[in-house]
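Going down the list, the sequences are from chains A and B. One point on numbering: in the working numbering, the residue at position 706 of the first sequence is 706, and numbering is uninterrupted. One point on numbering: in the working numbering, the residue at position 17 of the second sequence is 17, and numbering is uninterrupted.
Some hints here could point you the wrong way.
[Unchecked claim] Output of the computed footprint for chain B on chain A, the stretches with three or more beta carbons under 8 Å from beta carbons of chain B:
{"hint": "1", "region": "464 to 474"}
{"hint": "2", "region": "539 to 547"}
[What the hints assert, rightly or not] Result set (DSSO-like, lysine-lysine): computed pairs, CA atoms no more than 27 Å apart in a straight line:
{"hint": "3", "chain 1": "A", "residue 1": "K586", "chain 2": "B", "residue 2": "K43"}
{"hint": "4", "chain 1": "B", "residue 1": "K97", "chain 2": "A", "residue 2": "K548"}
{"hint": "5", "chain 1": "A", "residue 1": "K588", "chain 2": "B", "residue 2": "K2"}
{"hint": "6", "chain 1": "B", "residue 1": "K43", "chain 2": "A", "residue 2": "K604"}
{"hint": "7", "chain 1": "B", "residue 1": "K97", "chain 2": "A", "residue 2": "K583"}
{"hint": "8", "chain 1": "B", "residue 1": "K43", "chain 2": "A", "residue 2": "K543"}
{"hint": "9", "chain 1": "B", "residue 1": "K43", "chain 2": "A", "residue 2": "K477"}
{"hint": "10", "chain 1": "A", "residue 1": "K543", "chain 2": "B", "residue 2": "K97"}
[To be verified] Now the in silico label distances, taken between C-beta atoms and shown as ranges:
{"hint": "11", "chain 1": "B", "residue 1": "N9", "chain 2": "A", "residue 2": "K548", "range": "27 to 33 Å"}
{"hint": "12", "chain 1": "A", "residue 1": "S623", "chain 2": "B", "residue 2": "D10", "range": "51 to 57 Å"}
{"hint": "13", "chain 1": "B", "residue 1": "N9", "chain 2": "A", "residue 2": "S623", "range": "51 to 57 Å"}
{"hint": "14", "chain 1": "B", "residue 1": "E17", "chain 2": "A", "residue 2": "A614", "range": "50 to 56 Å"}
{"hint": "15", "chain 1": "B", "residue 1": "L113", "chain 2": "A", "residue 2": "A614", "range": "46 to 52 Å"}
{"hint": "16", "chain 1": "B", "residue 1": "E17", "chain 2": "A", "residue 2": "D536", "range": "24 to 30 Å"}
{"hint": "17", "chain 1": "A", "residue 1": "D524", "chain 2": "B", "residue 2": "E17", "range": "18 to 24 Å"}
{"hint": "18", "chain 1": "B", "residue 1": "D10", "chain 2": "A", "residue 2": "A614", "range": "50 to 56 Å"}
{"hint": "19", "chain 1": "A", "residue 1": "R606", "chain 2": "B", "residue 2": "L113", "range": "49 to 55 Å"}
{"hint": "20", "chain 1": "A", "residue 1": "S574", "chain 2": "B", "residue 2": "N9", "range": "27 to 33 Å"}
{"hint": "21", "chain 1": "B", "residue 1": "T110", "chain 2": "A", "residue 2": "A614", "range": "28 to 34 Å"}
{"hint": "22", "chain 1": "B", "residue 1": "L113", "chain 2": "A", "residue 2": "S623", "range": "46 to 52 Å"}
No lab work stands behind these hints, which were simulated from the structure alone. Built from N, CA and C at the ideal position, the CB exists for glycine as well.
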Amino acid sequence: MTKNTLHKTLLRLVDIKPGEIPNALLMFFYFFLITCSVYIIKPVKISNFLESLNAEHLPFAYLITAILIGFVVSLNTKLLHAMKRNVYISLSLVFFISNIVLFWFFFHWEWNWLSMIYWVWCDIFTITTVTQFWILVNDIYHPRQARRLIGFLVSGGLLGGIAGSLLARFFAQVLGTTDLLLICPFLLFPCILIVSILHRQTQDPLDDKKRKTTSTEASKTGYIESFGIIKKSRYLLILSAIMTTAIIITTMVDFQFNSVIELALVDQDERTAFLGTFFTGLLVFSYLVHVFLTNRILKNFGMRLALSIAPLFLLTASIAILFIPASFFLIWAIAIKGGEKSLAHSLNQSVRELLYIPIAPEIKYKAKVFIDMFVNKFAKGIAASILLVCIFIFHFSLEHISLIVIGFSLLWIFLNRWITREYVGNVKRNLKIKWQDADKFISETVDIDMTKLVFDTLQSKDRSSVLYAMNLFDLIKREKMSPELSSIIAHKSDQIQACAMDSLLELDGELLLPKDDDTLYREDLSTQIQEIMSQDVYQQVLKEQLDKIVDEKGEEGEVSRMEAAKVLGMMESSSPVASELNKLLKDKSPDVLRYAIESAGRLKRREFVPRLIAHLSTPRVDSISSKALVAYGNKITGILKDYLSDPDVNLQTRRAIPDILEQVGTQRATDLLASELKKKENDVETEIIEALYKMRTRYPQIQFPQKPVFEKTIQIIKRCYFVLLEMHDLMTDQRKDNLVSDMEKNLARSLKHIFELLSLVYTPDDIIKAYQNICTGTKKSIDYSIELLDNILQREVKEVLLPLIDDISFEDRVRKCKKMIKPLEKVKFS
Amino acid sequence: MKINSRKQNDIIIFDIEGEIRRSDISDVTLHQLVKDQLDSGNKKILLNFDKVEFIDSFGVGEILASYISTHNLGGQLKIAKISQKLYLVFQVTMLTKVLDIHDNEEIALTAFLEQ
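Start from the sequences, fold in the hints, and give me the full structure.
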C-alpha cells in the first residue's frame, strides 16, 4: 500500500495528516496490545476471586487496591521523573510480564488469598499501563492534534479489548482460566519495541531539554505538592470531584454486577467464558458507540450533553432496579454494567481527555498523574468503605446500593454542569487580546471634538475676531480652558480686538474669568448670550444683517457668511432666523459650509436633513455632515434608513449612513441597521457590519436580532467557500497570481466580517480574542481559539465556520469546504 | 441706572451710569429716551458706557431696540467705551457686525463727523 493510499484509507476513519501516520499507527497498536492484555487478565481476576473468595469480600479488594495504589503512584511518579520516558515504560512492561508468569505459576498452588493479591496487582497493571499510554499521547501531540486523533487511538484500545475478551471467551474452557495468563507476555513484548521506535521518531532535543527541566522540578514534587497544585485550581478540583464521583459509582455498579454473576454462574471456567463474552459484547457495543456516537455527540451537542449522558443513564438504571423482580437481576446487571462501561470506554474517555486541554502543560502533567492514579484510587477507597459499612453493618441489599448510586449520579450531573462553564473560562484565559480597537482607543484618549474646536479657534483668530470670539465662547462653555490651552490660543495675538478676547484668558490685564468661580461666570455669560439671542429685537436686527451677508461676495463676504453660519447655530432651534441656514447650507465655500453644517447639527431642524445627507458625498464636509446628522439622534434614523436602502441614492452617501447610525447608538438605530442584513446583495454590507460591530463594543446594553445576524454570517461563509474553490482552480495558473492575491485579501476581509457578526450574538471579548489569535497567534493560541469557538458557537455555525479557520493545509480546506457546501445550503435559523 | 444726556454739535450723547438690568427698570428706559430724541429730530445718537458697571441681556435688548429705532429713521447709533466682557458678548452674538462700537467717545464722535 503506498503512503497516499494508506492516507486516503485512514482519512475515512480519522482526520489525519500524512506526516502523522507512522506515530498514530504505532500508538494505535500500542494501545491495542495493552488493552488486549488487560481484557485477558480481567476475566481471570473476577472469576478467580469469586471462586476462591466471594463477592462479599470485594469491598476489601477495592480498599486494599485503593491503599496500595498510593504507593504505586508515588513510585511511578518518581520513576517517571528519574528515568527517561522510554526506559521507564519498557522496564515497567518487563516487570509486569515477569509478574504474570509468577502469578500463573503460583495459581496452581490454589491458595485462596492469592486471588486477592492478583486482584490488586491487576488493577495496578491496568492503571499503570493505560496512564503510561496517555502520558505518551500528551508527549507526542499538541492539544488540537490530540483532539483530532484521540478517537482513532481510543479505537485501538477498544479493538484490543475486544480481541482480549474474545481470546478469554474461546480459550477459557480450552486452556482453563489460569493458563489464559500465558497469552499476555506475547502481547506485551511488542509494546516495548513500539516504545523504543516512538522514542527514536519523536526525539526532539528541545523537548528533551524541556522535559528534563520539568522532570527535575517535578521530581521534587510529591503528593502534597501535586495536591497543592490541584487545590489552587478550581477547575482541577472540580475535575477531581467528577473523577471521584464517577469512580464511586463504577465501584458500586461493579460490586452489584459481580454479586449477581456469583449467584448466577457457579463454574469457574464457565464464568470466565461468560465474562469473556460479556466483555466482548461490551467492547463491541462501546466501539459502536464510540465510532457512531462519540464524535457526533461532541460535534452536534457539545461537551455539556456528552458529559451528562453517563450519569443520566446510571440514574435511570438505578431507579429501574427498584421496580424489577429478582429474576431479572442478571439482565439488569448486564445492562447497567454494560452501559456504564461502554460509556466509560467511549464517550467519557474522550470527553475526560478533552477536559485536560485548557490546562497548562506543566500543570496538566502533574495533575493528570495525580487525578488518574491517586484520586482514582482514593475514590475507590471511599466506595469500598461505603460498601463495607453498608454490607457488614447495615446489611444493604442490591436495591439499597442503587439508592447510593442515584445520589452520586445527581452529584455527577451537577459537577458536569459546573466544569463545562469552567472549561470555557479556562480556554479563554489561554487567549490574550493582541491589539486594541483603534477607534475605541482614540475616542477614549483624545477628545477629537475639542481638538477640532481648538484648531478652529486658532484658525479663526487670524480671520475674524467675531468667529474667534464665538469659538472661544464654545471652548469656555465646554469648561475646557486649561491654562496651557489659554496660552496656546492667545499666542501671537496681533489684532486689537482679538487682544480684547485674550484678556478673558488673563493675559492682558483685566480679569474676566474669575479664578474662584469660573463656573458661575460661564453660566452667566452663556445665559446672557442666550437671552440676547432670544429677544425679538435681536432676531429682527440679525435677520436684516443676514439678508445682506448671504449675498456678499469676495473674501470678506465669505468671512461674514462663516460668522452668520456660526451664529445661527447658537440660536434656539425655533428661532425664525434659523431658516436662513438653508441658504448657507448651499454655499459654495467649504469654510462657510462647514460652519453652516455644524450649526444645522446644533439646531437639529428636520428641514436641514436632506441637505446634510447630500453633503455626505461632498469630500471636504462629509465628516462634519455626518457628525451633524449624529447630533439629530434617534429622530432621523428612519430617514437615514430610507436613504441607506435606496439603491438610487449616491453610493458614497449610503456608505456614510451606517457609521452615523452607529454613533446614534440607540436600539432603534441598531434594529434598522440589522434589518439591512436581510438583503442578500448589498453595496454597503461592509459598512453595515462594521457599524454594528462598533455598536456592540461601545453600547453593551443594545440587543442584536440573532436571526439576520446568523443568516448573514452563513451567507458570508458560503461566499468564502466559493472564493476558496475559485482560488484553488486559479492557483495552478501563475499568470493569475494577482487575482489570487486579491481573493486572499477578500477572504481575509470576509473572515473579519464573520467574526464581527459573531461578536453581535456572542460575548464580543471571546470572539475578538479568538479572531485576533487566529490572525496572528501562535499555533497553540490558534488551537485554543478554535477550541473556544468550538465550545461557544452554536452547532450550525461552527460546523460551517471551522473548515475555514481550522489549522489545516489549503488542499484539506478546499476539500472540507466542498464537502460542507450542501450542509451549508440547508442551515436554517429559527 | 442713571442716564444723562448731552448734545455735542448735532450728536446726542447718553452717559449711562451704574447697572443696566431687568430688575432695575425705571419708568424711563434707554430705548424710550433714544426714541424721544429721535422724535425730537436728533438722529445721531452716541451711547457712552464708560461708567456702566454691569449690563444684562435686558440692557443689550435696550441697545438693540434703540439701534432699530434709530436705523429705521435713517439715523445713526454708536456705542463707546463698552467693557471687554460686553464686547465679547457682542462678538459672540455677532452684534459687532451690526452695532458701531468705538473704544472711546472721541473716536466715536470723529466717526460721526466722517460719515
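Against the earlier hints, flag every one the structure doesn't satisfy and list their numbers going up. 3, 5, 6, 9, 20, 21
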